[in-house]
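Participant: Chain order of the listed sequences is S and F. Residue 0 is where the first sequence starts when you use numbering that gives the first Met the number 0, and the numbers rise one by one after that. Residue 0 is where the second sequence starts when you use numbering that gives the first Met the number 0, and the numbers rise one by one after that.
These aren't lab readings, by the way, just hints derived from the structure by calculation. Treat the hints with care, as some may be off.
[Unchecked claim] Quick partial rundown of chain S residues pointing at chain F, CB under 7 Å, derived from the structure:
#1 Y5
#2 V35
#3 S39
#4 A40
[Unchecked claim] Far from chain S by the CB rule (all over 10 Å, computed), these chain F residues:
#5 T158
#6 G178
#7 K213
C-beta: ideal position from N, C-alpha, C; glycine also.
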Amino acid sequence: MKEERYQYEESPSYVSRREFIAISGIVIAILALPAVWIRSAVVKRNSYIRARLNGLYKDDAGSKVRVSHGNSGVAKLYKDFAGHPLSEVSEELFHTQSYVNRTRI
Amino acid sequence: MSKNQSWILKHPWSVRSFHYLLVLSFIPLAITGVVLFFKPFDQLTMNLYMRIHVVTGVILTLDAVAYFIIGFTRVIAFVKRSFSFSVNDIKWFSILGGYPQKFLLGKKVPVPPMGKYNSGQKLFGICVLIGGTILIATGWGLWGFPHILPHGMTALFGTLHLVFGWILILFLLVHVFLGIYMFDDFKAMFLHGKIPYEEAKEMAPLWVETEIVKIER
Ligand code: HEM
């Protein structure tokens, strides 16, 4: 279709210079404020995670037994009963059976 | 329509191509969104709907961002028009633009003078501006980084996405119906961008009076 065949159009001065600056300022501020807010919330959340991580490392550093294979209870269990990790008995007792669909829980 | 009909350019090609992409992306988004809400199919089919929803969501985002940048002056004009109110808007809403009277009773009632958009279109414009932005932002949050968002924010995003999704879908039903019914506007938006001068003078007298200029050639 021939778009050129029209005699009237919108005046470009419908939005004055002043209004243009004011409205674009408001629009950009409204877009930017939530972005800044979400960013700071994410950073704050990450600081919680980092603090918790540090706490766990600190607990570990202070414990006598830090790893499961250093745990005398676990060692005794394998020695006296389950044989070794991934043995048939441990497979049956300690491993979950299959994937469970939890979407409806 | 006479041969020497005068025309006003209402929707230049930039607006039309933006609107085309909007139709192509938002309608599949609306349909898949409703399906995702009611979950009528098995897991695999729902998965497919989710993928279509995401792909069309990305297209919608690209469309919106591109238009925001390329058509920034038009976006600002659209914001100004959508947020300009007067007592005429109250009068318009009190009779709902005369549409129910026309469709249900077959009566023509006097309608207060409107600008480029009538009060209902302005309300739709505000819903699209605010709701559309929120839908896009929350959609990206829910799809891309739910695990990064702080505790509770993903749930908030989900609620906002749901509420504004429904608002826009319901409003869209009205928009599409009237968009096809007002056939001169339909042709302007989907074909050539032009509206007959006389028609615009009747439907949007304030627009023609205050914003329209004759082109000097
Ligand atoms: C088949 C579907 C659709 C049809 C038939 C349709 C029809 C129209 C028509 C005829 C206009 C021009 C109205 C006028 O000249 O006053 C218009 C404008 C508009 N439509 Fe649609 N539309 C459809 C889908 C959509 C969708 C999905 C959206 C977004 C969610 C949308 C958003 C808009 C907006 C924001 C405008 C104003 C544009 C401007 O004037 O700058 N439309 N539509």
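Participant: Does each hint fit the structure? Answer for all of them.
Facilitator: Going down the list of hints, with the structure as the test:
1. For the restraint placing S:Y5 at the interface with chain F, the shortest Cβ-Cβ distance is roughly 4 Å, inside the 7 Å limit, so the hint holds.
2. Taken as an interface hint, S:V35 does not check out: its beta carbon lies about 13 Å from the nearest beta carbon of chain F, beyond 7 Å.
3. Checking S:S39 against chain F by beta carbon gives a least distance of about 10 Å; that is not within 7 Å, so the hint is violated.
4. Hint status for S:A40: holds, given a least beta-carbon distance of 5 Å to chain F, under 7 Å.
5. Its beta-carbon lying about 15 Å from the closest one in chain S, F:T158 satisfies the requirement of being farther than 10 Å from that chain.
6. Distance check on F:G178: its Cβ is at least 18 Å (rounded) from any Cβ of chain S, clearing the 10 Å threshold; non-interface status holds.
7. For F:K213, the requirement that its beta carbon stay farther than 10 Å from each beta carbon of chain S is not met, with the minimum near 6 Å.
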